[in-house]
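Everything in the sequence shown is counted per the working numbering, starting at 153 for the first residue and increasing by one.
Simulated from the structure, these hints should not be mistaken for laboratory data. All of these numbers come straight from a predicted model, not from anything done at the bench. Treat the hints with caution; some may be incorrect.
Claimed, not checked - Computed list of lysine-lysine pairs in DSS-like fashion (alpha-carbon distance at most 25 angstroms, straight line):
id, residue 1, residue 2
1, K274, K263
2, K310, K363
3, K327, K310
4, K274, K327
5, K304, K274
6, K357, K310
7, K304, K327
8, K302, K327
9, K302, K274
10, K263, K327
11, K302, K357
12, K274, K357
13, K363, K274
14, K263, K304
To be verified - Distance ranges between label pairs, derived from CB positions:
id, residue 1, residue 2, range
15, V329, K304, 18 to 26 angstroms
16, L283, K327, 27 to 35 angstroms
17, V329, N239, 27 to 35 angstroms
18, G374, A290, 27 to 35 angstroms
19, K304, K327, 31 to 39 angstroms
20, K327, P240, 28 to 36 angstroms
21, E369, P240, 32 to 40 angstroms
22, G280, V323, 22 to 30 angstroms
23, H360, R254, 31 to 39 angstroms
24, K327, S251, 35 to 43 angstroms
25, S358, S316, 36 to 44 angstroms
All C-beta atoms in this analysis are idealised placements derived from N, C-alpha and C, irrespective of residue type, glycine included.
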Amino acid sequence: MSTHSNPFAPWMCQFQSISSLGHNSHSASPGHDNRNRSPYTSYAEPPSILGVLPMSTSNSHSHSHSYSPFSHSSSTSQHVFEFTNLNPTILNSIVTATSATRPAFRISTDKGGGVAGYTTVKDGEGRGIALVEWAGSAVPSVEIRGVLPKVKARDWLKVTVEPSLGRPVRVMFVKGVRFIWVPRDQQLHLYSQTPNSPPCAVVEKSRHAIKLLMTAEGLSWGLWEPCIVAVTLLLSGRRLE
């Protein structure tokens with residue numbers, strides 16, 4: 153599979169039928185161009201997680217049950233961030249933490265001229281955390297304060313083949329440390345080493361929100377801000393390549 157194909161195409165075609173979410177991840181027509189369409193625009197439910205990464209049909213499997221990545225250890229401390237108030241997409245939303253009484257992050261996108269040019273991520277105090285630049289280039293750029301200098305989104309969330317899986321994943325570097333995003337069932341898992349190690353973060357969808365679950369270890373590594381930005385990009389419905 154070409155690393156330059158649109159990784160969102162299978163995902164967007166799933167919206168032909170909400171009831172088929174999670175069961176038809178390979179039904180997309182490669183000739184149908186949805187690169188600028190938001191998958192949230194006409195539907196109430198967030199999209200299936202399965203479509204956010206390019207997948208090999210020969211190595212991917214569909215499961216009807218929900219997998220709990222942290223259930224193997226009752227002592228694992230789980231921190232939950234929830235993307236809510238999607239207006240109408242994740243590009244304009246509020247992120248709350250279960251332990252907080254006010255929003256942890258606010259995500260907003262400039263709609264000047266009818267074309268979104270910038271997406272900003274601010275913390276609960278209104279301080280800028282990250283900036284995504286969409287305008288003026290077919291390939292968006294992203295920067296995260298104190299974590300990531302301005303780079304192309306495709307280079308930060310780079311598509312590569314994971315040898316242990318035999319199919320494409322997205323590699324993300326945070327302060328020189330390699331992480332990989334891998335889809336599993338209706339979730340998206342972040343691993344610090346290989347897919348055989350326990351995930352340090354998981355993204356899952358509910359009917360009206362998207363949840364980012366993170367271990368205490370992932371939180372101690374300072375992954376919450378990079379993950380908030382990565383999830384925003386991956387679930388934006390926009391082309392990264």
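With 32 to 40 angstroms as the target window, see if E369 and P240 comply at their CB atoms.
holds (34 angstroms)
Take a look at whether the Cβ-Cβ distance between K304 and K327 falls inside 31 to 39 angstroms.
violated (18 angstroms)
In this structure, is the beta-carbon distance linking G280 and V323 contained in 22 to 30 angstroms?
holds (26 angstroms)
With 28 to 36 angstroms as the target window, see if K327 and P240 comply at their CB atoms.
holds (34 angstroms)
Pair hint outcome, K274 versus K263 [Cα-Cα no greater than 25 angstroms]:
Distance ~17 angstroms between K274 and K263 Cα, so the pair holds.
Hey, K357 versus K310, does the alpha-carbon distance stay inside 25 angstroms?
holds (23 angstroms)
Holds or violated: the 27 to 35 angstroms window for the beta-carbon distance between L283 and K327?
violated (18 angstroms)
Hint check: K302 vs K327, CA-CA at most 25 angstroms. Holds or violated?
holds (14 angstroms)
Please verify whether K363 and K274 have alpha carbons no more than 25 angstroms apart.
holds (18 angstroms)
Holds or violated: K302 to K357, with C-alpha atoms at most 25 angstroms apart:
violated (29 angstroms)
Against the 25 angstroms threshold, does the CA-CA distance of K274 and K357 hold or violate the hint?
holds (22 angstroms)
Check the hint pairing K274 with K327 against an upper bound of 25 angstroms on the C-alpha distance.
holds (20 angstroms)
The structure is inconsistent with the numbered hints 10, 11, 16, 19, 23, 24 and 25, although it conforms to all the rest.
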